[in-house]
Structures are given as C-alpha cells and as structure tokens.
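Engineer: First to last, the sequence lines map onto chains V and H. Quick note on the numbering used here: the first sequence kicks off at 331 and runs consecutively. Quick note on the numbering used here: the second sequence kicks off at -1 and runs consecutively.
The reader is advised that the hints may include incorrect statements.
[Claimed, not checked] With the C-beta cut set under 8 Å, the calculated list includes, among others, these residues of chain H facing chain V: (1) ASP14; (2) LYS17; (3) ALA41; (4) PRO83; (5) ILE269; (6) PRO508; (7) ASP565; (8) PHE607.
[What the hints assert, rightly or not] The list that follows gives simulated cross-link-like pairs (lysine to any residue, SDA-like), each with its CA atoms no further than 20 Å apart: (9) LYS37(H) <-> GLN360(V); (10) LYS506(H) <-> ARG357(V); (11) LYS132(H) <-> ASN424(H); (12) LYS314(H) <-> GLN433(V); (13) LYS734(H) <-> PRO867(V).
[Claimed, not checked] Away from chain H, derived, C-beta distances all over 10 Å, residues of chain V: (14) LYS535; (15) LEU674; (16) ALA701.
Everything labelled a hint here was simulated from the structure, so no lab data went into it. The C-beta atom is built at its ideal place from N, Cα and C for all residues, glycine as well.
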Amino acid sequence: MASLVTQEYSLIDELLKEQNELSAVERFSQHYTDYQGPAQQPHYRDLLPIKKPSTGEQYSFEVDLDSCTGCKACVTACHSLNGLHDSEAWRDVGVIRGAEDGQVRQQTVTSACHHCADPACLSGCPVEAYEKLDNGVVKHLDDQCIGCQYCSLKCPYDVPKYDKSLGIVRKCDMCHERLEEGEAPACVQACPNGAISIRVVKVDKIKERAQASQSMIAGAYRSDYTLPSTNFKSKRPLPATMEAADAHCLEPSHQHTPLVWMLTLTQLAVGVTLANTVLALISPELSQLLEFPMLIVAIILGKIGLVASVFHLGSPLGAWRVFLGLKTSWLSREVVGFGAWMPLLILHTLIVSPLAEMFGLEGVLPLAQIAVASRWILLGVGLAAVFTSVMVYVDTHREFWRMSLTGSKFYGSVLLGGAASLASVAAMSGHWSDSMALIVLFAGTLKLSLEWKGVRPAFDQDWSLAKQSGLIQWHTLGSVLSTRIGLLVLGVLGITLGMVAPLCAVLGALIIVVGELWERRLFFQSVVTLKMPGSIPS
Amino acid sequence: MKQLLISTNFQLRQLDGPKTRRLVRRPGQFGLGQIPSEKAPDATTTSVCGFCSTGCGLNVHLKEGEAINLTPATHYPVNLGMACPKGWEALTPLDADDRATSPMYRPQRGQSAEAIPWNEAAGHFSERFQAIQKEHGDDSVAFISTGQIVTEEMAFLGALAKFGMGIKHGDGNTRQCMATAVVAYKQSFGFDSPPYTYQDFEESDVIVLVGSNLCIAHPIMWQRVERNPHNPEIIVVDPRRTETAVAATQHYPIRPKSDLIFFYGLAKRLIELGAIDQSFIDQHTNEFDDFANHVASYDAARVEAQSGITEAELNKLAQTIADGQRVSFWWTMGVNQGHEATRTAQSIINLALMTGNIGRPGTGANSITGQCNAMGSRLFSNTTGLLGGHDFANQEHREKVANILGIEEERIPQEPSMAYDQIIENIHAGKIRGLWVIATNGAHSWIHQDRYREAMEKLDFLVVQDMYGNTETAEMADLILPAAAWGEKEGIFINSERRLGVVKKVHKAPGQALSDFNIFRLLAQAWGCGEMFAKWQSPAAAFEILKELSAGQPCDITGIESYQHLDELGGVQWPCTGTQASARKEENQCRLFEDRQFYHPDKRAKFLFADPLAPSEWADEDYPLILLTGRGTSAQWHTQSRTSKSEVLKKLYPQKAYVEVHPEDAEHWQLKDGDKVIVSSRRAEITVVAHLTPIVQRGQVFMSMHYPEVNRLTHASFDPYSRQPSYKCSAVSLRKALS
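Please put together the full structure from these sequences, using the hints given.
Structural biologist: Structure follows, in structure tokens:
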C-alpha cells in the first residue's frame, strides 16, 4: 500500500500540472487568422440599410415580431460584444399575452433604446449629457453624466440604467460606431432569426405612427410623448388588450432616500417661511418674536435637505453644470430654484436677526421695509422652487406622479410644515394660542385626505396604473402606509397637546416631520415605472 | 494647468474621458468585427458548447491561451454564427466563486465538509466502496453518470466502474431525457439511430413538432426552421400555447397524455386518405397490416373525446401531412417523459414510415436530444448498452470489447444495468449501499424528489463528483470530488444530429479541481486496477479506443482521424468510415436510411403499437389539476447549477418558482396574479407565486422544472420499456397562501 501512496502522489502532481496547461492554440490550427472584415457580415447584410440617413431621416430599430421567439440571445450578445458589467445589457425581452375571440395570443418582445425623435432623457437631463446625433442615435455622454438618474425617470421605456460602480447611467447607442463601419449592432448580429434590423426612417413617419395616442405595442406608453423610432411589425395584428406578463407586478419601486429627505425638508422649510409671512400679516407683534427662531428652523431643515440631495448623485463633481439644462429640464430648474432660495433665506434671516440690530444697520437702511420685501420674495421664490419640484415628477408622465397627486402632496407638506413650525415655536416661546392647534389639525386632515386619493384606486374594479399604485401601498407597503398615517395622527395630537405642555408641541412637530418623510417614501416606492413589457416577475 | 482644466473637469461638455473610454470598441481581427477594446484576443479557437444537445460551435477568444470572451462560430455547420443566451454565457459559470476547489470529506452527515488532499479522497473512495462491496457484494455499489461530460470520460467511467471496480449497476441522467427515444429507435429501426441532419429543418415543407418548445429549448434549431425557404406548414402538438405554438402555423393543444390515441387516430385518417406509401411499406417495413388493424378503432369521435381535438381539426392535420412532399416529425420531452412514452414515440415513427417520410431530405422521425452529450452517453456510457452501441447479452460483443480493451471477458457483465429508478428503489430496499454520482444533480431533478433524498440519506457512502460542491446532491454527499468543467478539458460531444464535435481546454480549472478523466485515472490507481486502464492515458488516447469499439457498428467513427481532423471539418456525423468525412467536406451533412436499409437483421423497420394505458395518477376530487413541467426560459439549464452563476442570465428568468394558472381556473381558486399559492400533491406541498396566463389550458397548471422545489410534487411513474420518468402528469391542488 505504501508504494501505492507514493505512486499516487506522483500521479496527482502530474495530473494537477497537466490540468493547468492550456494548449488549444498550439494544438489546433487557427481559423480566421488572415480573415478580412467581420465573418458574420453575410448574415446581417440584409438587416442594415443601404444608405445613411439624410436630413429629416434617422436610424431606427425594426423588430419583426413574427420572428422574435423569445430566445434572448440579443440580450447576452449586447452584454458580451459591448463589454458591459455583470448583469448589464441594453436590450431586454418581455412578453405580452391575451386572448381574443377565444384565441390565445402570446408574443415575446425584444426592445432596446428607441432612439426617440423627441427623447425625454435628453430634455430631462440637467447637464446635457445626451446628444441626438445627426443620424438619429440618442447618445449618452458617460463623462458628462452626474448620475442623477432623472433620465431613467423621464424615459417612458425605462431605458437608461444606473450603474452604481461607475456612478452614472449607461444606455444603448445602437452600436453606431459599428454602423459607421457597415457592421451590425450586437443584437442584430446575434438574433438567430434575423428579427432585429436597422432601418432608415423619416422623422415624419415616426410622428405619423405616434398620432392618436398610439403606442408602439401593447403595454408600452403612448408614443406621442417621446416619438420613439422603433417599429414593431407583425403579419398577425396583436390585440391592444394584450397585457405584459409583469403588468400586475406589485413590487415597490426604488426608494431614493436622499430625494425623500431633500423634497420633504425643503418643502417643510418653505412652509416655515409661509407661516412667517402669514404671521407678519395678521400679527406683526408675534411675528417679531417668532420669526427669527422659525427662520433658524427653516435654515436647518433646508440645509439638511439640500445637502441630502447631493448624496443622490453618482458623480457629484460635475454637478456645477446643472444650469445647462435650464431650457428644457425641470430638474435643472429645481436645482437653480433652490440654489437661489437658500441664499435668500439666509439673507432674509440676517435682515430680521438681532445681528442687524447689533450692527446698527437699522439706522442706515430701511430694514423694516426691506424685511417685508425680502419676506415676500423669499416666499415667492420658495413656492416657485417647490413648483419646480412638483414639475420634476409631473413631467415624467407617471400616473401616480400626476399633477393633482404630486402638487397636493408637495404643497400639502408646505402647509403642514408652516402650521407645525408655527405651533411648536409658539408653544416653546410661550405664545401658544388654540387656533394654532386648529390650523395644524386642518392642514393634517387636508393632507391625509389628499394622500388617500392615491390609495383609494386600490379598490377599483378595473385594473389601471392608479389601482396598481394603490395596491402597492395597500398591499405590498401596508406597514409603511399605516406607519405614515399613525405618525401624522400622533404628530397632530402632540401639537394639540401643546396647550398643556409646550414640549409636546415640539415633539409633535418632529413626529410630523418623520411622518412626512414616510409619506415621501411611499411617493417614490408606489409609483409604477413606465417601461416596455417585461417577463414573469420574480 | 490650463490644458488640464480644459481636458478634465471644466469643459462644459465632456465628450471623452475615462468612463467613455471603457466602452470603446475596436476591430477585433480574426473575423470578429468590432469588439470591446478591453477584451481584444490574440487568438481564437472553436469549441462545442457544453449545455444542450444542439451542439453549437463557439468561437472562443483567447489571450495568452486563456479564454476571455466568446462569440458563436460563424462557419460551424450547426449554428451558423448564432447561439442562445446560455452559449453566449458559457464561460461565466467557470469563474463562479463557489467552484469546488478541493476534495471535501464530511465526517458526519449534516455537518459541513472539510477540505482534504486528493490522496486521502482517493483513499476514502476506494476503502469505503470496497468495504461495502466486501460486506454486501459487488452489486451493493452503483453509479449515476451523466450526459454532461465528454464521451471519452463517460466511456472511461463506464469501463472503470463495471470492468475495474466490479460495479454492476450504473445509469445516467440521460434516463430522464433520452431513454425513450433510444428504446423506440432500437425497437423500430434495430439501432438507436436518430436519422436526421439539421439541414432537414430547412428542407421540409411540413414540420411537425410534438411535445417540443423548440423556440425556447433549442433556439438554434428553431433558427433552422426560420431559414426554411419553402414556406413550410409548421405544426405544433402541445397542451400549452408555447412560444413555438405561437410561431407555428397550426397548433393542436391536445390534453396531456392523449398522444397515443391522437396519433393512432391520425394514422387511421391518413390511411383513409390513402396518404400512405405502400411500396415503401411493402419493401422496407414489417407489421404494417397489424398496425392498420390496430388503429382502425381510433375514429375521430374517440380522438376528440380523449384529446379535445375535433374531427375537422384532425382532418386538417391529416390533410396537411398528406399534401406534404417532405414531412419531418420531431419530438422532445413532451413525448419522452410519459408513462407510455416508447409507444408514443413509435406512433410518431410509424407516421413517418407509413407515409414514406424517411431517408429523404426534409423528412424523418426525429428525436431531439437534451444534453450536450446525451448522444455520446447513448453509445458509450456502458450502462444500458455495452460500449460502442453493443449489447451486454451478446457474447460476440463482449468478446470484441474485451479484446479491444485488453481485459478478461469475464469482467464484462452479461446483462445491462438496472435503470435509474431501480437503483433508487434498491437503495431503499437496502441492497445498494454505496453510490457514486458524476456531474448530475438528482436531489433536484429526479422525480418525487423527497423519496430520492430519503434514499441518499440511507446510503452508507455517497460520493458526488461535480464542478460545484454545493449542488443539492453534493450537499448530501460524504465525499465531494472537485471536477474541472467544460472548457477546462478536452474531448468529444455528440449532438442531436449525431455530429461529433471537439471540446477544448481554454480555461484553467480552479484550485485542485481535475478533469473527470483524470479523476478516473486517479481512482483507478487508488482502487488497484490502474494497470487495466493503462491505455487510457489521455482523452485523445481514449478517443482511439472509442473509434476501435465503434468499428463495424452503425455508429462507426473509424473514419475520423483525430481531434484536429474533426476541428478542421467542423464536426462530423456518424457513421463515418474510411474517407467519408473528407468526401462530405462541402456540405458536411449525413442523413441515415437514404438507402432504405434499417438495422434489423432483415433490414426492415418495424411498426410497433399498443393499446393506450391510463396514467397511474390523474386529476380527481382532491387533486383536480394536472401539473405539467418543462423548460422555463432559454436562459435556464436544468438544475441551474451553472446558469444561476451568470448575472446576465439571471436577469432573463424569474428568480422564484411560479405556477402558470389559467385565469378562469384562478377565479375558481380565488387567486390573483402574483399571489402566493400553495401547490400540493400527494407527495408534498410547496409555496410559489401564481402567474395567471391563458397559455395553459383550464384544468392544467405548468411549472418550470428549474426550481428545486418543483420535483417534490411530481408523481413517479415510468415508461415500462424505457424506464423514463413521466414528469408531465401529476395531480395537484391549489390554495391561496396566507401571505
């Protein structure tokens, strides 16, 4: 046996050594060594246009649905041939299903970026990190991107995808450098059935297809929003009633914590300035006592909110370019809006601060008049900045973020923030009045009833995006929803108790702040992302 | 400084920079077109894919000899420059963090396994198995082989286990996918001989697909259908409205397990239409008249009552086949995995024979195989059949094999092994006490999984040899042997169309992992029978033995000179003797039976048939739904030990098990889309997600087989001839889970 063991040792060593020798190159003759050009070319020659786009034309994807059978090779080819990260691929395959006249229909749908004639990613980008090339390709500039991900929210097809490791989004560029050389994009090269081709299309034709709220395919958003250029064709017309396999998915969306903080706190802070302005109108004496401490509260809230927003950016170093998008991007406007508001807030605070008195400015300048003006300007700029916040979300065309729901939530926070700050500061400084509790009660009730409008469709008969958002809150995020309601009730109750114990009012106001953060979390998580049809959800 | 400012951060539009440059593409040379700059190869080489039986050629991009990326091989005659997602991602699972890197020994069941050196592992292996054999007889140790390793390895395994170690019983996981086709062909044609070449997909004017979701399970074969220039009628027979059924021109959604009646009814209708080739039948077949008598009672009413297909529909199908000039019939697991699967497969073979649709371009009764080397296993696994398509019961065959291997003839058993299910039952009976499992994952994939797992627990010693040490089966093993994977070793795969293709070593195996071939060499020596296998020095040397074994057989491959020869030609189909390979060079295609000579002694094919049998479990009051199982997506492979290691593949399939329920059935069970639902059978109950879809019929539900819990539900019944499990017929019930 002993001799066997030594033999084994030598055999094991020999086998392990052999295992690590790679000799395919030496042992097998090399094909393609002198191959000129891409070997796949004969396969895709017919899938590319003969000429390049001229004025009024652009490149587009054309998908022959009759040949798309769901193998998903296009997805992996995009990943491999473009050297993308772990799970990154710029193409995806979903499925739509339905029955018409007893006939069961099922169709797999491959899609990538639609290289829209009016790309929402491009118009939404605050730093102009998108370009619409002359050939129609919507190109993302990776080094220009600040990773704000607003393009992902703006795109109704969920195309730009955030890459955490790079801190930017990336997206399909139609392999336009391959096209330049007469090579096919990765997906076109890889489809076994030749279902994906590149065509030159007239922009007018794209517009024509987008008329009458048409969508490219069942389950996709209406095309008149961004004028997508992809053409899905089929000899067997697909009923519009077909649904994506993931149409009923109740998975929550991304939480966007920094944005939750940013939106909530800036709105509460603007609310504080609103309370100040109203107070100055109805009770100048009280205003004189309370305004400065309230402004300090506003500065603290606003500062935390604005600093939090920076954490949302994947590549904040390029954020100084945010003004570039002012012409088309509400996000750009929001940043500039709050960028102006905060200095104004500080300035106004200085004007009404004891410092102004200490330095004897009162004698030099008409401080009282200036304060009135700056108070109104501050409020106006604040409310306008909140409006840009509202529009950032309304402009994404998502059902749950429509004007009535977003506007009422955001301005509701302004109102609630004003009422709560006034009541708590008044209680603490011994200027409590019962009407303050009434105002808080009113603001809280109003806000809650407006929020309920976004939950109520959960109980609708028919399926809709509104119902889906309602169900995500009622069903998937039930505990978050009840926490939110509980916090608001508790906060209002706390403030009401300010009449007996001032500390209760402060505590109540703090609870209201937390409740608002919870509300905003629901705002982000319950929205249904507009996207192309997906697969059976995990 | 100024330049730095301009070139870096202070440009208004930064068109270039480090992030942009990550995605720069450049001409890849070697016929590749543009490729990512970071992955530019310095050489390329072709290797056959290691997932399914399509056998696609993959063009592996190499840098300093090691694989860095791959693309489908443009000029490989199988896939013509295409691959499915699994093929594209074939390299990724090799770099998974959880590869087995060292032999592992588990001193105590249920505890974690410890890394041990190879000499100790080989020692444990032989000492434990030899001790069991000494106490309980040679038959008390068995092995389960696979369709996933190269032919040289499976032949080595079969020879080593049976002739070297005296193990009598061994079977393969191919029992789960191909056993039916093997038996059906053997009985009908006289040899296990799928007659087709993929070119037939392109030559047919009528393509009949039975129990095959080709678009998802074999996308590259569907590619060949799409390339068919004859505007073919594509007929799908399948209970579900699959992707393939949607793409077809005619779909016949027969009820589960009504196949036999359906095809007999179809045969009767074809006879009535006079759509038979009488001269072919007379000259080249036996038993047709008995068959015609047999099917006479399968009238349209009976067909409709059982299958749900109306007379008009049946007539339309029969007429389509009658009108076809080149009709090809193809089947996969929907047929093979049934309680009367062999006769069902033969009912399809009969259709091809009676209409003369065989041995001509675009015709054939064609079984599409499952695993990458199921065909290699059918000829060389040395389990059911003796090496090289021989017969254990045949003395001449034993003598021939013994001579070629240089062993005593007495070492060759005179009868085939037990089938997989019989091995499991004999473990339960205490007769088999040691099991060696190679590259398969029965604790996930075997039917009625709980009973399989109980069997594994009863064993005195379980050895699992696999590229991962954490498969469901490896988790139960006493000893785990780390294997090199596809791409880390050499050898031959044989694909569905009988094409031999080369697998090359383009990746280093992690840690101490060894190729299965070398593990067998090591174990042979440790066992004390190393001398007997002295000729098995390398896969290439073993290939020479395989060639010798095949001489004179229908699967003769003596005309293949070497791996290099195969590589030059782009694979070669068997049979291939003399200079046949080079003669085929232009087309590189080979179709069987063009000479109308079958492999029975009288050279005739045989009509085989039987009365249908009721399945041993059917829907009833307690379990009113029939559970169908099958492939989920093209991005998933079997028990997912590999496909779950690729992040991009994981994106392409649902991560959690789901059950497809018809919306009207869902209403009855008060289920909504996305609800958690408990699916229960007489064996077990599992909680999965309900997915409402009309693509399943009422009264049926579908689950994808790739999720480990699904086979806890399945009812173990087997085709009596092929012993293949019937995975697609279990009675289940649903109830909504309280979230």
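Engineer: Are the Cα atoms of LYS734(H) and PRO867(V) separated by 20 Å or less?
Structural biologist: Distance ~18 Å between LYS734(H) and PRO867(V) Cα, so the pair holds.
Engineer: Can the restraint linking LYS314(H) and GLN433(V) be considered satisfied, given a maximum Cα separation of 20 Å?
Structural biologist: Holds. LYS314(H) to GLN433(V) sits at ~18 Å (cutoff 20 Å).
Engineer: So is ALA701(V) really clear of chain H, every C-beta pair being over 10 Å apart?
Structural biologist: holds (39 Å)
Engineer: Would you settle whether the hint for PRO508(H) is holds or violated, based on the nearest Cβ-Cβ distance to chain V being less than 8 Å?
Structural biologist: It is violated, given that the least Cβ distance between PRO508(H) and chain V is near 10 Å, above 8 Å.
Engineer: Quick one, is the ASP14(H) hint okay against chain V at 8 Å, beta carbons?
Structural biologist: holds (6 Å)
Engineer: Double-check PRO83(H) for me: the hint is only fine if its C-beta lies closer than 8 Å to a C-beta in chain V.
Structural biologist: holds (4 Å)
Engineer: Between LYS506(H) and ARG357(V), is the straight-line Cα distance small enough, at 20 Å or below?
Structural biologist: holds (17 Å)
Engineer: Verify the interface restraint on ALA41(H): the C-beta must sit less than 8 Å from at least one C-beta of chain V.
Structural biologist: Where the cut-off is 8 Å and the nearest Cβ of chain V is about 5 Å from ALA41(H), the hint holds.
Engineer: Does LYS535(V) sit more than 10 Å from chain H, CB to CB?
Structural biologist: Non-interface label stands for LYS535(V): nearest chain H Cβ at 27 Å, farther than 10 Å.
Engineer: Verify the interface restraint on PHE607(H): the C-beta must sit less than 8 Å from at least one C-beta of chain V.
Structural biologist: Status violated, d = 33 Å.
Engineer: CA of LYS37(H) to CA of GLN360(V), is that 20 Å or under?
Structural biologist: Roughly 19 Å separates the two Cα atoms, so the pair holds.
Engineer: Holds or violated: the hint that ASP565(H) contacts chain V, with Cβ atoms closer than 8 Å.
Structural biologist: holds (5 Å)
Of the numbered hints given earlier, the model fails hints 5, 6, 8; all others are met.
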